[in-house]
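Asks: If you're matching them up, the sequences are chains A and B in order. For the first sequence, the working numbering begins at -10 and goes up steadily by one. For the second sequence, the working numbering begins at 8 and goes up steadily by one.
If you're looking for bench data, these hints aren't it; they were derived computationally from the structure. C-beta atoms are modelled at their ideal positions from N, C-alpha and C, and glycine is treated no differently. Careful: at least some of the hints might be erroneous.
Covered, in the sense of this in silico footprint (three residues per stretch, anywhere, with C-beta under 8 Å from a C-beta of chain B), are these stretches of chain A [as the list claims (entries may be wrong)]: (1) 52 to 58; (2) 89 to 99.
Estimated spans, in silico, between C-beta atoms of each pair [as the list claims (entries may be wrong)]: (3) A/T2 with B/T24: 45 to 53 Å; (4) B/E94 with A/N(-8): 23 to 31 Å; (5) A/E3 with B/T89: 41 to 49 Å; (6) A/T0 with B/L83: 38 to 46 Å.
The chain contents come next:
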Amino acid sequence: GQNIDQPTEMTATEGAIVQINCTYQTSGFNGLFWYQQHAGEAPTFLSYNVLDGLEEKGRFSSFLSRSKGYSYLLLKELQMKDSASYLCAVRRSMASGNTPLVFGKGTRLSVIA
Amino acid sequence: GAVVSQHPSRVICKSGTSVKIECRSLDFQATTMFWYRQFPKKSLMLMATSNEGSKATYEQGVEKDKFLINHASLTLSTLTVTSAHPEDSSFYICSARDRSGSAYNEQFFGPGTRLTVL
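Just chain B, with the same shape it has in the complex (with noise of 0.2 Å):
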């Protein structure tokens, strides 16, 4: 299957900080990549869709201005979390769709970030 990556797999801020996590397509081109946070022992909650070359599509209760999400390629996605809070601390995964493949193997995740504010 295709390859997704992200970058940090990990990263430790302090409060009022700001931290990007990269999204990262490596053998295919995502049209569509989609974000996601998942808290501790709970699923994966969508937070937004990210078209290459327009505005997300922010998911309701998602603050636009906190989780800013830049699609500017076809291979990269940006998520910045802005002003970090310790109540932002979560995993966060995104996934890219090949719409090359078949229809099932379309949506493939990334290993994950995991965000700690301090």
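For reference, chain A alone in the conformation it holds in the complex (with noise of 0.2 Å):
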């Protein structure tokens, strides 16, 4: 089975860091996403980590715990466009051979003035 959870809303005011987190339980890990959703649009690929440890990219760093099963997203120096849903996806090892992304059901953030 799995589960993949992470908070439903959060708040924060624009120029702030935010931490969005994850916790995970798959049957099989094959390495972590996070993607940016804009309403009506398909997601957009943010970070990818497979090891524990920290990948930063820019504004955007990434932390993973395999021991845990816990991931967090942080955003520096918000802005207002940073306004969207954030997506952990775990990518699912399958005997098929077939690596889908599974995904939590989002964040919503709003950045506000």
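Dock the two chains into a complex; use the hints.
Replies: See below:
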């Protein structure tokens, strides 16, 4: 089975830092992804972690602890355009060799002035 | 990154009709494509995994006779919603896997198809 949990909604102030947490329990783990999705649009790739530790990419960083089944996405210097849904996804390993991404319910982030 | 297209982007149909959605990988060969469904303010739910030249693998709770998937070539997969009903109204998104890419860049998403069944 699989279970991916993240907060439903968060609000943060422009210019601030926000951390979005994700915990997962999956049968087979082959990497964790974060995607950004604006309403009515397809998800866009933000980050990928397969080993423990922090991956930094500009204003966005993502952390993974495989032993704890835990990840977070850190957004710095928030901008109004960062208001979107942030999706945590786990790449699942299957006996068939297929490796689909399984998504959490997403966190709707609202950035306010 | 690689480009995945979907057609149509938006479709409105009457209850009881069938609707076909196309997903194409434009500049790479996709041996595997994935179909997702997303309801308003909800996350993406994996419906099925489509492998070129073989039958699709459906997730639990997804009716394979209701959602027909065909992956006839390395660049095209189709999802047909048969005898559509209002509860099938949703945002359908496909993604394709580029096996030639680096690990984190392997799966690309199409722009989605908004289906409304009246």
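Asks: Given a hinted range of 23 to 31 Å, is it respected by the beta-carbon distance of B/E94 and A/N(-8)?
Replies: holds (25 Å)
Asks: Does the beta carbon distance between A/E3 and B/T89 stay inside 41 to 49 Å, or does it fall outside?
Replies: Roughly 47 Å apart at Cβ, these two residues keep to the hinted range, so it holds.
Asks: Taking the beta carbons of A/T2 and B/T24, is their distance inside 45 to 53 Å?
Replies: Once the Cβ atoms are compared, 48 Å apart, the range 45 to 53 Å for B/T24 and A/T2 holds.
Asks: Count residues of the region 52 to 58 of chain A with a Cβ under 8 Å from any Cβ of chain B, then say if the count reaches three.
Replies: With 0 residues in contact (Cβ-Cβ under 8 Å with chain B), the coverage given for the region 52 to 58 of chain A is violated.
Asks: Take the C-beta atom of A/T0 and the C-beta atom of B/L83, compute their distance, and say whether it sits inside 38 to 46 Å.
Replies: For A/T0 and B/L83 the Cβ distance comes to about 42 Å; the hint holds.
Asks: Count the residues of the region 89 to 99 of chain A with a beta-carbon closer than 8 Å to any beta-carbon of chain B: does the count reach three?
Replies: The restraint on the region 89 to 99 of chain A holds, since 8 of its residues have a Cβ under 8 Å from chain B and three suffice.
Hint 1 alone, counting from the list given before, is not met by this structure.
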